[in-house]
Amino acid sequence: MCGIVGLYAKKKNISANLGLHLSKMLESMSDRGPDSAGLAIFGKPIAKRAKIMVQSQSPEDDFQKLKKFLSTKKEISFSFETHSTHAVIKLDVKQKDKVINLINDTFPNLRILSVGKKMEIYKEVGRPAEVVKRFDIAKMKGSHGIGHTRMATESEVTTLGAHPFSTGEDQCLVHNGSLSNHNSLRRELMRKEMTFETENDSEVAASFITYRMNSGKTLKEALESALVELDGFYTFVVGTENGFGVLRDPIACKPAVLAETPDYVAFGSEYRALTSLPKIEKAKVWEPEPATVYFWGH
Amino acid sequence: MNILDFNKLSLRDINKTLQGSDKNSFFSIRNPKGSHALAVGINKQITVKVVGSVGYYFAGMNKLSDIKVEGSAGPGLGENMMSGNIHVTGDVSQYAGASGHGGSILVEGNASSRCGISMKGVDIIVKGNVGHMSAFMAQKGNLVIFGNAGHALGDSIYEANIYVAGEVASLGADCIEKKMTKKHLSNLENILSNANVSDYNPDTFRRFGSARSLYNFNVDNAKIY
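From first to last, the protein sequence lines are chains A and B.
Numbered by the numbering used here, the letters in the first sequence go through residues 1 to 298 in order.
Numbered by the numbering used here, the letters in the second sequence go through residues 299 to 523 in order.
Just to be clear, a hint being listed does not mean it is correct.
The list that follows gives simulated cross-link-like pairs (lysine to any residue, SDA-like), each with its CA atoms no further than 25 angstroms apart [claimed, not checked]:
no., chain 1, residue 1, chain 2, residue 2
1, A, K96, A, K24
2, A, K254, B, D364
3, B, K331, A, K96
4, B, K331, A, E169
5, A, K24, B, G445
6, A, K24, A, K217
One-sided excerpt, in silico: chain A residues whose CB lies under 10 angstroms from chain B [claimed, not checked]:
no., residue
7, M194
8, F196
9, E197
10, E270
11, P278
12, K282
13, E287
Honestly, the hints are just simulated from the structure, not real lab data.
Think of the CB as a built atom: it goes at the ideal place given N, C-alpha and C, for glycine as much as any other residue.
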């Protein structure tokens, strides 16, 4: 099944409470996906700074070692925030690639969840209410964010199998559905030097879109090519630096509802996900058309 | 009038009250917040008004009762309905009226894909548009569409009448346009008058139905298998 939510703020009253709204939306989708949950929050960028999100199964030990290790590298100035099993490393954008390589080479137990200027990804195994509490999502601010509650069908229940999947800087994807040609597509993308962390079908969709965008396509073009190349059932919500996009497969079995007011655009797998939003009773609410790309951007 | 408020009562309590109520009772339901399976399995003549939008499988298996939603409804509205009336002032999601045997569904907004899939006698009136694969494998009853119909309308239809005032994106396998006879025009007028719909021009409607060419296996197709 799975549940998806998304919120795009048009006004400050929404962005100031983005985490709170998204937490409530995500919790309302618990019975669509009780085994894991995750969110991507796009916050304010700091000039010339980048964010690296890392995840560990034994955070106390691993993060201390990582912090110590990075401190020995005099040329790297960074800040380090831990949120339960996740940590955000903020650093000079020029040192980003070097630090990513250092982490990958020296700390095989750590996983890099995302890299970007704005995006932070938080995802874990467990009920959505526990996951949002663990990371204190309700206190977070941002211009937009997307979230997912997972009921696993295609691969195992692990932290890395939870959504969102990020395969490019400030890009991520959440998926409700299942893809049938993900193995062949994964092999094809691997030949094009895309790398994969899991056996999950949704990661292939994320990677497919990142690959297309890296080749110079716009998000709209990338999503349109997904309609041709991806076989299976899907409702996707894709987060980028500027906003989020929505795409449903042509059969459109997987549910989707959009709502718009002067203050926000919201996405939910069903109307229940939207009922906690301010003035929802006055919102324009509609179902996105099959095989049609939607996007809202700042 | 009895008010049943989701802020005070659980879904199970509300459904139990509706199902166990006396004939001719009137209920007003508040704050449904997209709840699933509300007002299902009612089998007596009662009146229910819901203020707000409802979720999946609203009023499933309805028998005899008169139900109105002031808002929109999620997937599977009135599934396998037997009789009575359901009226939605907003939109409805996928497969509204699926496999309905009788009664009438009136949607003032749009219906999504697969509206009236496998319908078996229900009348469905949609004042807006319907999505793709509507009236798929329809067996009996009437689907009246004031707006446009999506792709593959009436695919593999057995019987049932489809009346469309707007555009049809495409017809499904074995669905064809048919002549609007006097009999069919009066059928259309009856359906709409039963649902208290009067603001329409009957001349704008076209009729679609089964070519009945899939009823029997055609030996010329044997080589396909």
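Restraint: P278 of chain A near chain B, CB-CB cut 10 angstroms. Satisfied or not? Hint violated; P278 of chain A Cβ to chain B Cβ min 14 angstroms, cut 10 angstroms.
Classify the hint on M194 of chain A as holds or violated, based on whether any CB of chain B lies nearer than 10 angstroms to its CB.
Because about 33 angstroms separates M194 of chain A from the closest Cβ in chain B, which is outside the 10 angstroms limit, the hint is violated.
Given the hinted pair K96 of chain A and K24 of chain A, is their alpha-carbon gap at most 25 angstroms? Judged against 25 angstroms, a Cα distance of about 33 angstroms means the pair is violated.
inquiry  = Is the interface hint satisfied for F196 of chain A? The criterion is a beta-carbon contact with chain B at less than 10 angstroms.
reply    = 33 angstroms, violated
Hey, K254 of chain A versus D364 of chain B, does the alpha-carbon distance stay inside 25 angstroms?
It is violated: about 30 angstroms lies between the C-alpha atoms, which goes past 25 angstroms.
Check the hint pairing K331 of chain B with K96 of chain A against an upper bound of 25 angstroms on the C-alpha distance. Status violated; Cα separation ~45 angstroms.
Hinted contact E270 of chain A with chain B - closest CB pair below 10 angstroms:
6 angstroms, holds
>> Is the interface hint satisfied for E287 of chain A? The criterion is a beta-carbon contact with chain B at less than 10 angstroms.
In response: 5 angstroms, holds
- [ ] Would you check the hint for K24 of chain A and G445 of chain B, treating anything up to 25 angstroms between C-alpha atoms as holding?
- [x] 36 angstroms, violated
- Was the hint right that K282 of chain A lines chain B, CB cutoff 10 angstroms? 12 angstroms, violated
K331 of chain B and E169 of chain A were given as a pair; does the straight-line alpha-carbon distance stay at or below 25 angstroms? Roughly 37 angstroms between the alpha carbons, so the hint for K331 of chain B and E169 of chain A is violated.
* Asked: Given E197 of chain A as an interface hint, is the shortest Cβ-Cβ distance to chain B below 10 angstroms?
  -> Interface hint status for E197 of chain A: violated (33 angstroms vs cutoff 10 angstroms).
The structure fails hints 1, 2, 3, 4, 5, 6, 7, 8, 9, 11, 12 (numbered hints given earlier, in ascending order).
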